[in-house]
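Quick mapping for you: the protein sequence lines, in order, are chains A and B.
Residue numbers 762 to 1251, in this note's numbering, belong to the letters of the first sequence in order.
Residue numbers 762 to 1251, in this note's numbering, belong to the letters of the second sequence in order.
Certain hints may be false.
Claimed, not checked - Calculated lysine-lysine pairs in the DSS-like style (CA-CA distance at most 25 Å, straight line):
id: 1; chain 1: A; residue 1: Lys-1102; chain 2: B; residue 2: Lys-1194
id: 2; chain 1: B; residue 1: Lys-938; chain 2: A; residue 2: Lys-805
id: 3; chain 1: B; residue 1: Lys-764; chain 2: A; residue 2: Lys-1042
id: 4; chain 1: B; residue 1: Lys-1102; chain 2: A; residue 2: Lys-1194
id: 5; chain 1: B; residue 1: Lys-1159; chain 2: A; residue 2: Lys-1097
id: 6; chain 1: A; residue 1: Lys-1102; chain 2: B; residue 2: Lys-805
id: 7; chain 1: A; residue 1: Lys-963; chain 2: B; residue 2: Lys-938
id: 8; chain 1: B; residue 1: Lys-1159; chain 2: A; residue 2: Lys-952
id: 9; chain 1: A; residue 1: Lys-1097; chain 2: B; residue 2: Lys-1194
To be verified - Far from chain A by the CB rule (all over 12 Å, computed), these chain B residues:
id: 10; residue: Trp-1045
id: 11; residue: Tyr-1188
id: 12; residue: Asn-1189
Worth flagging that the hints you see were computed from the coordinates, not collected in a lab.
Note that CB positions come from ideal geometry on N, CA and C, so glycine has one too.
There are 2 protein chains.
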Amino acid sequence: MIKMFKSQPNKHKHETFFREILDQLLLGAVFDGIDRSAPVLRWKNPDELSKLISLELPKKPQTLEEVKEFLLNVVHYSVKTGHPHFVNQLFSSLDPFGLIGQIVTDTLNPSVYTYEVAPVFTLLEMELLKEMRSIIGWEKGDGVFCPGGSFANFYGISCARYRFSPDIKEEGLSGRKLVLFTSVDAHYSVKKGTFLLGIGTKNLVLIRTDKQGRMDPTDLEMRIKESIDKDLEPFAVVATAGTTVLGAFDPILPIANICSKYRLWLHVDAAWGGGALMSQKHRWLLRGVARADSITWNPHKLLAAPQQCSVFLTKHESILQDSNSASATYLFQKDKFYDTKWDVGDKYLQCGRRADVLKLWTMWIGKGSEGLEEHVNTLFDVAKATVDEIKSRPENFKLVLTTPEFVNVCFWYIPKRLQGQENSLDYNENLHKIAPKIKERMIKEGTMMVTYQPLGTRPNFFRLVYQNSELTCHDATFFLDEIDRLGRDL
Amino acid sequence: MIKMFKSQPNKHKHETFFREILDQLLLGAVFDGIDRSAPVLRWKNPDELSKLISLELPKKPQTLEEVKEFLLNVVHYSVKTGHPHFVNQLFSSLDPFGLIGQIVTDTLNPSVYTYEVAPVFTLLEMELLKEMRSIIGWEKGDGVFCPGGSFANFYGISCARYRFSPDIKEEGLSGRKLVLFTSVDAHYSVKKGTFLLGIGTKNLVLIRTDKQGRMDPTDLEMRIKESIDKDLEPFAVVATAGTTVLGAFDPILPIANICSKYRLWLHVDAAWGGGALMSQKHRWLLRGVARADSITWNPHKLLAAPQQCSVFLTKHESILQDSNSASATYLFQKDKFYDTKWDVGDKYLQCGRRADVLKLWTMWIGKGSEGLEEHVNTLFDVAKATVDEIKSRPENFKLVLTTPEFVNVCFWYIPKRLQGQENSLDYNENLHKIAPKIKERMIKEGTMMVTYQPLGTRPNFFRLVYQNSELTCHDATFFLDEIDRLGRDL
Ligand SMILES: Cc1ncc(COP(=O)(O)O)c(C=O)c1O
Ligand SMILES: Cc1ncc(COP(=O)(O)O)c(C=O)c1O
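Extracted from the complex, chain A is given alone in its bound form:
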């Protein structure tokens, strides 16, 4: 008898189990389950869902049949983030090449720290990181796949700090007065980085943005000067290429000039916008990006790789090694028989590290860089079509930015009751309540998922964000019609 506790698959025992679940998965989560005709989600509140999904962790093993039932139930009640009508976040889609690359990775279950344990993944990582650097415009440098863009931003700030003052690695921040700059519209991970790295939020200076949401270089220079006057230590600027909400691109060139002038590290958070570099037509949005010292780029966002696929890149060849090495001899033995430059793990902050490269690699060979370009261009086209459609329906819809630069389409839905009331005192307050109400109905019906948020003094507005190149202008019409249907009576 095969014992069920054993941590090794057994063909005799598990083959049918695997095959049956894989069959159902292909149906329920890869093909039919994310067809436009299927629901995006089947909403249940936490109490209801707790009853529908068995939340018991039993003492005795369940049968294979029970385990299978449980997993299919998980599929049934989970949000289908691969559904074309899931446009709620900066990730979506279920790329076929990405998915199979991910599944192959899982069955090999590697950890990328030494060549001996992950030879293929090590080579793929090095090559892909090199290619991404060359797309940025760097001939040399280094990089690492990270568990998310937030983490990649932490690397950026940490490398900048090391460059500014290498002795901080040993001495710590006691007695230092480091100051970091980013825009008010930057991603919140920059702020979290200042907690984590011991810099402190009050030493994060938030720079003004223009109407499109782009960092104002004049304000930046003024604030840098101010902090120098106060005897503080400015050390880095985090610019954003593709802000989270508005999709704005900070003007990298003037910012880079300021960074050169004051000898500050320039980190460009292109977590969201980095994918635009794949397109000859749209890469101008990041012009000057090669001037950056380091970059965050999440292929799991615009390029629609599976979660997570996030990259930190720098043009400084030895900074990751210098700033992060701890030379643990139990793992990075120097008396190995092969050249230990291939053991990359000592350079990184993680020890065990999942291989996030194969999914992107598989997408790249399955589509070619031209296919990735076409993917990106398609997203811009659908965004443009959406903007045009919104403009053609001025009674109900109002754009937040009349000409968005990127694939974020932000707009207010104005139900009949509020039309023509723009000048009334409580207009904004009323408008602010519309999106959450529509969102509630949308989620409960499960027909699509679109997010909303306020920004600065702007009341709640919807944000469509495109990463799924399956989308067409018909989907754009669907999104607007559906919002109209759900919100008309509000």
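Mind docking chain B with the ligands on chain A? Use the hints.
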């Protein structure tokens, strides 16, 4: 015609592609490919491998057939970390339940930050974290799945720092003199944490260990007093439950008493040893663990969950929220229609976050907690059998610890030439060179993978580490025989 660039699977186009690859994967990486009769790896040095694996990122798409060939090649040349004779790292195995849970997760591709996007995964996480806390002995608290135990240790140090002085979140470390304590045998991530968090390595005090590799509480107290005398600010101790190399368990109770006396946060790094808590027979190794303020526990190590499955747990209910919250309104809107306590993301340092819960959950229901216990007990039994076998072969093998506490079995192999030379001056120097040579032969033959390392003044020794409950005492004999075969003539 279906365009190949689209980020959406198409049944017509991709079904055969998926099925063929999955078939080959089951064969090559899940069943036959990790049978004892198959090689653990097919060694190629980086140059050779670069030719065998196509490292080209093409402009034009490859055919589905070519993509398939590439992926199967990746499988062929990758190390089979699920093979029973891969005992090189603190992770191994390919748990059947873990694997299928992971694959289901991938097809759903969630990010666990809001309930609306990941309802099922949110509930599963909450429940499993609660269960793990209750196994530790805590009635309340909080926790998070992390991208690795290193990251979990960073959370521990970060929470400790916040507790010590909440204003550091805003003010930063300027003007502070924080000091952290851990043992000389602690995992290197503690040191990396001091770089990252801005504390500085010189403010990490390394405490002496006894012969078994356990932290010496007397030395700890002395060093704490010393730093108080120097007007520094001791704030936390990181104890280890299961050290990386020797598998030692720091004595938590006396350490906890010292922490209480000096009001220090106690973080227990049980990344490796945490799994022993599942066993009634072996959980005494962590006695006193409920006294800790926080814990790192990697189910992907001893419990053999797929990479990565790492948990940070704390008994303090609001500390994650207090120390990490940035209240981003674009994601964590407070005007949602459901109770936003279910939107857990604001508490964490990451934004997008992979779901690492389902693989462990599936293992738990497939085996029951009793099965997990049997898994752990089996590993201890095989380790004990290995120790006994080593003792029975005293001419060739010498244990580093005569009675190891855990499933790390560390030993020297002594080839004929060195036998009886213990007193010669260059004995250690010669012995130091043996393990790397055997390792080279082992890797080139591909029959197994066992790691070696030096420790302190001890010359290189082998370390067998067990996480695969498929292993039996016959495998232990195989490991020793094989080392003997490979090293006899050295
Ligand atoms: C501009 C920007 N930077 C960084 C991030 C963080 O990326 P991740 O969610 O992978 O941590 C995001 C996430 O949306 C983002 O929009
Ligand atoms: C004791 C200990 N703590 C922490 C870690 C780090 O865990 P991870 O590799 O998941 O970052 C390890 C890794 O081996 C370890 O042995």
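Structure-based check of each hint:
| no. | hint | verdict |
| --- | --- | --- |
| 1 | A:Lys-1102 x B:Lys-1194 | 20 Å, holds |
| 2 | B:Lys-938 x A:Lys-805 | 50 Å, violated |
| 3 | B:Lys-764 x A:Lys-1042 | 20 Å, holds |
| 4 | B:Lys-1102 x A:Lys-1194 | 20 Å, holds |
| 5 | B:Lys-1159 x A:Lys-1097 | 22 Å, holds |
| 6 | A:Lys-1102 x B:Lys-805 | 16 Å, holds |
| 7 | A:Lys-963 x B:Lys-938 | 19 Å, holds |
| 8 | B:Lys-1159 x A:Lys-952 | 53 Å, violated |
| 9 | A:Lys-1097 x B:Lys-1194 | 10 Å, holds |
| 10 | Trp-1045 | 21 Å, holds |
| 11 | Tyr-1188 | 17 Å, holds |
| 12 | Asn-1189 | 14 Å, holds |
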